[in-house]
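Sequence lines, in order, name chains A and B.
First residue of the first sequence: 1, per the numbering used here; consecutive thereafter.
First residue of the second sequence: 241, per the numbering used here; consecutive thereafter.
Since the hints were derived computationally from the structure, they do not count as laboratory data.
We put the beta carbon where it would ideally sit given N, CA and C, even for glycine.
Just to be clear, a hint being listed does not mean it is correct.
Pairwise CB distance ranges, derived in the manner of DEER restraints [as the list claims (entries may be wrong)]:
#: 1; chain 1: A; residue 1: A32; chain 2: B; residue 2: G359; range: 36 to 44 Å
#: 2; chain 1: B; residue 1: P271; chain 2: A; residue 2: R27; range: 32 to 40 Å
#: 3; chain 1: A; residue 1: S51; chain 2: B; residue 2: T399; range: 16 to 24 Å
Non-contacting residues of chain A with respect to chain B, defined by C-beta distances greater than 10 Å in every case (computed) [to be verified]:
#: 4; residue: E184
#: 5; residue: E219
#: 6; residue: M220
According to the in silico footprint, chain A covers these stretches of chain B (three or more CB under 8 Å from chain A) [as the list claims (entries may be wrong)]:
#: 7; segment: 286 to 296
#: 8; segment: 305 to 315
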Amino acid sequence: MSTRATPEEIAAFADGELPAEREAAMRDAMAADPELAKQVERHRALAARLSQHYAPVLDERVPDRLTDLLTARSDETVVDFAAARQKQEAQKREASSRRPHWGWIAGPALAASLAIAVILGDSDTGPGAGYAGPQLAAVLDDQLVAEQSPAAETRVLLSFEDQGGQFCRAYSGVSGGGIACRDEEGWRIERRSEGSEAASTDFRMAGADDGAILAQAQEMAAGPALDAAGEQAARERGWR
Amino acid sequence: MDETSAPVRLIPWKAETLNTAFETDLLALLPRLRRFAIGLSGNPSDGDDLCQMTIERALANRSRWEEGTRLDSWMYRIMRNIWIDEGRRTTRSLQTFVDEEAGVAIGGDGSQEAVVELGNVDRAMQSLPTDQREAVLLVMVEGYAYKEAAEIVGCPVGTLNSRLVRGRDALMQMLGDEA
């Protein structure tokens, strides 16, 4: 390169965007100037770091509210767009009026849950389906949302008081999730969701199953979910 | 690198079928669109709002997309235009109806996934002016050639090149050599 390489040229070289003849000249210049070679290296390292940083988004599950925009109407062929939008907003309003105070606590999951709740409904074998076994009961007794390890096999999603004043906790684990409420006998399983198989495969759709459970929790709850202090206090009282 | 524009060049077909192909192609693009949106806005909840607005606008304007041209570039252009427009109105957040839900990202009660933690890269990216940020994202993350990125942004290639260099220099300064 007869003149000093400009910053633009150095970046373009690192990106493979220089025309062939200038690329060759740049190679020569780099061979003669280690500092130049180092600069190119830094550009490439930055590119690698950035693409690595954003790459995980590609593997994330796309939120239903986005895919719904593109799948819901596929059988209806061409639909008036404004009407579709109106319908969607009406559904949102309805959904949000059903969760006056604590949409915030389970927001993203709930958005995903509207469709899935139906599936959960099928798998729900009805109330009084039994009580939590010792292992689950121990988790429900002791584990606080704020303190649990992200790697915990069974995670408590949130805790709340149901309309009858009992403490209930929504949980999710490899072997399925559900909602259990504490009564005099123990943790009564109120809801149980399947999806454990799905949850343990590569296709685990993070939050999809949890979303269904949270939607159910919302139906049952008398008010907002317990915050960290509320949970702690409830635990101290043995959830009664 | 363009795996999405091909399927639309079909034998004459019913309109519905083409519409479905359009939607199918958009679905396939969603992960990449989200990546760009999250990069532009700096966090997943604003990014998904931006994605949603982009899809809605694309569906409403689908007749303006020319078959045979690249759908991905068209979508990126819509998205960055919305982002620029929104940015003029409100710099921080898109302020759409999902705000209440988005609140989970920073509210919550300590459950791990509820916490948005901006890493160094996110912070550094957010400190760039929008024109530099989009140039960096399009070329260095989305992998567009300078010319393609310039077309998406709607500026000359030279302009894109110099925005890119300014953005890179700033990032390298902020991130140091930890890369």
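For each hint, the structure was consulted:
1. A32(A) / G359(B): 36 to 44 Å: holds, 38 Å
2. P271(B) / R27(A): 32 to 40 Å: holds, 36 Å
3. S51(A) / T399(B): 16 to 24 Å: holds, 23 Å
4. E184: holds, 28 Å
5. E219: E219(A) is indeed farther than 10 Å from all Cβ atoms of chain B, at 18 Å.
6. M220: holds, 18 Å
7. 286 to 296: holds (count 5)
8. 305 to 315: violated (count 0)
Checked against the numbered hints above, the structure violates only hint 8.
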